[in-house]
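2 protein chains.
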Amino acid sequence: MASNRQKEIALAAVKLFEQKGYHATSVQDIADEVGLQKGSLYHYIHSKEDLLLQIAHEAITEFNDNLQAVLDTDMSAPEKLVKAVENHITVSVSNMETTTVLLREAFSLGDPQHQVIQDLTDKYVDLWTQVLEEGARSGEFHVREPKVVALAILGACNWVYRWYRQSGQLTPSQVARVFSDMFLNGLTSDNHPGVQQ
Amino acid sequence: MASNRQKEIALAAVKLFEQKGYHATSVQDIADEVGLQKGSLYHYIHSKEDLLLQIAHEAITEFNDNLQAVLDTDMSAPEKLVKAVENHITVSVSNMETTTVLLREAFSLGDPQHQVIQDLTDKYVDLWTQVLEEGARSGEFHVREPKVVALAILGACNWVYRWYRQSGQLTPSQVARVFSDMFLNGLTSDNHPGVQQ
Numbered sequence: 001m002a003s004n005r006q007k008e009i010a011l012a013a014v015k016l017f018e019q020k021g022y023h024a025t026s027v028q029d030i031a032d033e034v035g036l037q038k039g040s041l042y043h044y045i046h047s048k049e050d051l052l053l054q055i056a057h058e059a060i061t062e063f064n065d066n067l068q069a070v071l072d073t074d075m076s077a078p079e080k081l082v083k084a085v086e087n088h089i090t091v092s093v094s095n096m097e098t099t100t101v102l103l104r105e106a107f108s109l110g111d112p113q114h115q116v117i118q119d120l121t122d123k124y125v126d127l128w129t130q131v132l133e134e135g136a137r138s139g140e141f142h143v144r145e146p147k148v149v150a151l152a153i154l155g156a157c158n159w160v161y162r163w164y165r166q167s168g169q170l171t172p173s174q175v176a177r178v179f180s181d182m183f184l185n186g187l188t189s190d191n192h193p194g195v196q197q
Numbered sequence: 001m002a003s004n005r006q007k008e009i010a011l012a013a014v015k016l017f018e019q020k021g022y023h024a025t026s027v028q029d030i031a032d033e034v035g036l037q038k039g040s041l042y043h044y045i046h047s048k049e050d051l052l053l054q055i056a057h058e059a060i061t062e063f064n065d066n067l068q069a070v071l072d073t074d075m076s077a078p079e080k081l082v083k084a085v086e087n088h089i090t091v092s093v094s095n096m097e098t099t100t101v102l103l104r105e106a107f108s109l110g111d112p113q114h115q116v117i118q119d120l121t122d123k124y125v126d127l128w129t130q131v132l133e134e135g136a137r138s139g140e141f142h143v144r145e146p147k148v149v150a151l152a153i154l155g156a157c158n159w160v161y162r163w164y165r166q167s168g169q170l171t172p173s174q175v176a177r178v179f180s181d182m183f184l185n186g187l188t189s190d191n192h193p194g195v196q197q
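Keeping their order, the protein sequence lines are chains A and B.
If you're matching positions, the first sequence starts at 1 in UniProt numbering and goes up one per residue.
If you're matching positions, the second sequence starts at 1 in UniProt numbering and goes up one per residue.
Be aware that one or more of the hints could be misleading.
Keeping only pairs whose Cα atoms sit at most 27 Å apart, straight-line, the calculated DSS-like set for lysine-lysine is [unchecked claim]:
(1) K15(A) x K20(B)
(2) K38(A) x K15(A)
(3) K15(B) x K20(A)
(4) K123(B) x K147(B)
(5) K123(A) x K48(A)
(6) K20(A) x K38(B)
(7) K20(B) x K20(A)
(8) K15(B) x K48(A)
(9) K15(A) x K48(B)
(10) K147(A) x K147(B)
(11) K48(B) x K20(A)
(12) K48(A) x K48(B)
(13) K20(A) x K123(B)
(14) K20(B) x K123(A)
(15) K20(B) x K48(A)
(16) K38(A) x K20(B)
Simulated restraints on C-beta separations [stated by the list, open to error]:
(17) D111(B) x W163(A): 51 to 57 Å
(18) D50(B) x D65(A): 39 to 45 Å
(19) S94(A) x G35(B): 45 to 51 Å
(20) D122(B) x E49(A): 30 to 36 Å
Hints in this document: simulated from the structure, not taken from any laboratory.
Beta carbons: idealized from backbone N, C-alpha and C, even for Gly.
Assemble the whole structure, with the sequences as input and the hints as a guide.
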């Protein structure tokens, strides 16, 4: 039973951290949200910071696992890039509150908790960089700075949580397709009409 | 004299909001940082929230003014895109603390203050969209969803504050060039080798 209760508490924390921010959310707020006394809540959690760590850890781990699974296929590098963008954007939008907490609130973790999330984030950047390096090796991508390009693509995808609304005209998959069309064209051609180099 | 004091207070607030986050920074922290009693600080500011609004407002206004100036030139659309990316990234990196407060902390503003920043942010997205629409009209860009592409480019540029370190190998201008090379190639070509459409 504790396990269900812990999931319920984590969901309440995600909701409150997204709405009010981590620092503005008190343990009392979380207790109120799940209908527990504050003292009873501490039977299920160690601290508010542990809740934030748990939420951010699960979120970044899901992003990493999804991208590793794409890398482990025998798709071409362009196909991997399309799939990676699709996965990132659809997962971000499906779990908008969790993504917001990961991307906006995790900086509030103290060390060593913050370092745990930073290391997993660095790993995620490395996985994106691998997609680009694969395409560079195979000659499918023209890319001189694979890590910087990876950070550009990841930045574009990460920013989606800031502006995407379910009420908008495009589905997450359609947004992903617009993004990956531009990235793929950008990486597979090599000319800049109209601009002095 | 009040004006210099107010600038000093705003600088102290930027520093603290960036380091600790807006909610975790107290008015007492700001008073300590500038060597004033808390009561004296209130001679210069109305509230902590007004400081956040002022910081975010100045930051987004600078981004908007720079991009409007680019739009007002007679450069080609590709040249405007290159210049816009260069401006955004170099200003972000030169004012890293302010950019962080704008992009990470401004959500903490209550209404109507938050709406002021949201409206200016929407205007910034509109200006980026205009660059893409100009290129679409002139036939220089292949772009079916200019606003979504604008948000992709702006997201990539906004994310730079999260990973750029002065100790890295590339200057802000070099990062901007890697970014705009990919975006320009992506917008000026129209093929996707290796991927089923």
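Tested hints:
1. Note on K15(A) and K20(B): the hinted pairing holds, with a Cα-Cα distance of about 22 Å set against a maximum of 27 Å.
2. Note on K38(A) and K15(A): the hinted pairing holds, with a Cα-Cα distance of about 18 Å set against a maximum of 27 Å.
3. Under the criterion of a C-alpha separation no larger than 27 Å, the hint pairing K15(B) with K20(A) is consistent with the structure, at around 22 Å.
4. Of the pairs offered as hints, the one joining K123(B) and K147(B) holds, with about 12 Å between alpha carbons and a cut-off of 27 Å not exceeded.
5. With a C-alpha separation of about 26 Å, the suggested pair K123(A) and K48(A) falls inside the 27 Å cut-off, and the hint holds.
6. Only pairs whose Cα atoms come within 27 Å are accepted, and K20(A) paired with K38(B) is accepted, the gap being roughly 26 Å.
7. Straight-line distance between C-alpha atoms of K20(B) and K20(A) comes to about 16 Å, which keeps the hinted pair within the 27 Å bound.
8. Using a Cα cut-off of 27 Å, the hinted pair K15(B) and K48(A) holds, with the two alpha carbons roughly 25 Å apart.
9. The suggested pairing of K15(A) with K48(B) holds, with an alpha-carbon distance near 25 Å, which does not exceed 27 Å.
10. Restraint check for K147(A) and K147(B): the C-alpha separation of about 26 Å stays at or below 27 Å, so the hint holds.
11. A C-alpha spacing of about 16 Å is found between K48(B) and K20(A), which places the hinted pair at or below 27 Å, so the restraint holds.
12. Proposed proximity of K48(A) and K48(B) is supported: the alpha carbons are some 24 Å apart, at most 27 Å.
13. With a CA separation close to 25 Å, the supplied pair K20(A) and K123(B) stays within the 27 Å bound.
14. Using a Cα cut-off of 27 Å, the hinted pair K20(B) and K123(A) holds, with the two alpha carbons roughly 25 Å apart.
15. Between K20(B) and K48(A), the direct Cα distance comes to roughly 16 Å. Compliance with the 27 Å bound is thereby established for this hinted pair.
16. Simply put, K38(A) and K20(B) have alpha-carbon atoms about 26 Å apart, close enough for the 27 Å limit, and the pair holds.
17. Distance hint check for D111(B) and W163(A): the Cβ-Cβ separation is about 19 Å, which falls outside the suggested range of 51 to 57 Å.
18. Taken as a hint, the range 39 to 45 Å holds for the pair D50(B) and D65(A), whose Cβ atoms sit roughly 44 Å apart.
19. Our hint of 45 to 51 Å for S94(A) and G35(B) holds, since their Cβ atoms are close to 49 Å apart.
20. For the hinted restraint 30 to 36 Å between D122(B) and E49(A), the CB-CB distance of approximately 34 Å keeps it satisfied.
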